[in-house]
Amino acid sequence: MNKKYLSKEEYISKLKNGDKTNLHHLLDLAMDIRKFEIELYWKRATYFWAFVSVFFVGYYQTIPKTTGEDIDEKWIANLAIIIGGYLFSLGWYFVNKGSKFWQENWEKHIHVLSQELQEPLFGLIHCNKYSPLNCRQSYPYSVSKVNQMLSLFVCVFWFGMIVLRAWQFGTVITIIACITAVVIPVVFHFSARSFAAKIRNSQEMFFDNYN
Numbered sequence: 001m002n003k004k005y006l007s008k009e010e011y012i013s014k015l016k017n018g019d020k021t022n023l024h025h026l027l028d029l030a031m032d033i034r035k036f037e038i039e040l041y042w043k044r045a046t047y048f049w050a051f052v053s054v055f056f057v058g059y060y061q062t063i064p065k066t067t068g069e070d071i072d073e074k075w076i077a078n079l080a081i082i083i084g085g086y087l088f089s090l091g092w093y094f095v096n097k098g099s100k101f102w103q104e105n106w107e108k109h110i111h112v113l114s115q116e117l118q119e120p121l122f123g124l125i126h127c128n129k130y131s132p133l134n135c136r137q138s139y140p141y142s143v144s145k146v147n148q149m150l151s152l153f154v155c156v157f158w159f160g161m162i163v164l165r166a167w168q169f170g171t172v173i174t175i176i177a178c179i180t181a182v183v184i185p186v187v188f189h190f191s192a193r194s195f196a197a198k199i200r201n202s203q204e205m206f207f208d209n210y211n
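Here the sequence shown is numbered in my numbering, starting from 1 and rising by one per residue.
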């Protein structure tokens, strides 16, 4: 019976087919797919940034400017837009986590294959010579992780705005809004897991999805 989870050695043995020619081809393929995943990552980020920006604009345009306006209707419209921004921001955060996983997946393939072929260019990184406090020089931040943190911050912002706007309707509505704002990401999480790749946690390096 074939193993579902593969160690580094088993992974190489499965792909090698008696010589290293196949590994060279697979390394090139993994490099191309990683490049494609990075391009998709930033296209998705741009997509969600655009929608979240629309919600920000809608939020500011629906804030009552005078006490003579119909405050109730204005606040309800404003709260609805905030909830919409919250939902899209949660989607952006979850998509960032998914994109990061698949990018790291192909980076792991490249790492193992390049080591086996003794072509470790991908793993050789120019040493950092600068402090993060030096504003004029570079620093090896993870750009994708910064983007992920930013999306989480935007989610927290919308959460706070839901509570703030709900406060205008009284204590009961505020409590309901808080509970709803907490329940939404939980539902989002379990709904997303239902169509996530069925990969369990393991100490092994790879998972054979076709086995």
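Since the hints were derived computationally from the structure, they do not count as laboratory data. Be careful, since some hints might not be right.
As a list, the in silico DMTMM-like pairs of lysine to aspartate or glutamate whose alpha-carbon atoms are at most 20 Å apart [stated by the list, open to error]:
# : residue 1 : residue 2
1 : 97        : 10
2 : 145       : 9
3 : 35        : 104
Label pairs and their in silico Cβ distance ranges [said to hold, decoys possible]:
# : residue 1 : residue 2 : range
4 : 140       : 204       : 27 to 35 Å
5 : 50        : 208       : 46 to 54 Å
6 : 25        : 208       : 40 to 48 Å
Where is the CB? At the ideal position from N, CA and C, for every residue including glycine.
To see whether the hints hold, each was checked on the structure:
1. 97 / 10: 28 Å, violated
2. 145 / 9: Status violated; Cα separation ~30 Å.
3. 35 / 104: 11 Å, holds
4. 140 / 204: 27 to 35 Å: Hint holds: Cβ distance 29 Å, inside 27 to 35 Å.
5. 50 / 208: 46 to 54 Å: Hint violated: Cβ distance 38 Å, outside 46 to 54 Å.
6. 25 / 208: 40 to 48 Å: 19 Å, violated
Hints 1, 2, 5, 6 from the earlier list are contradicted by this structure; the remaining hints agree with it.
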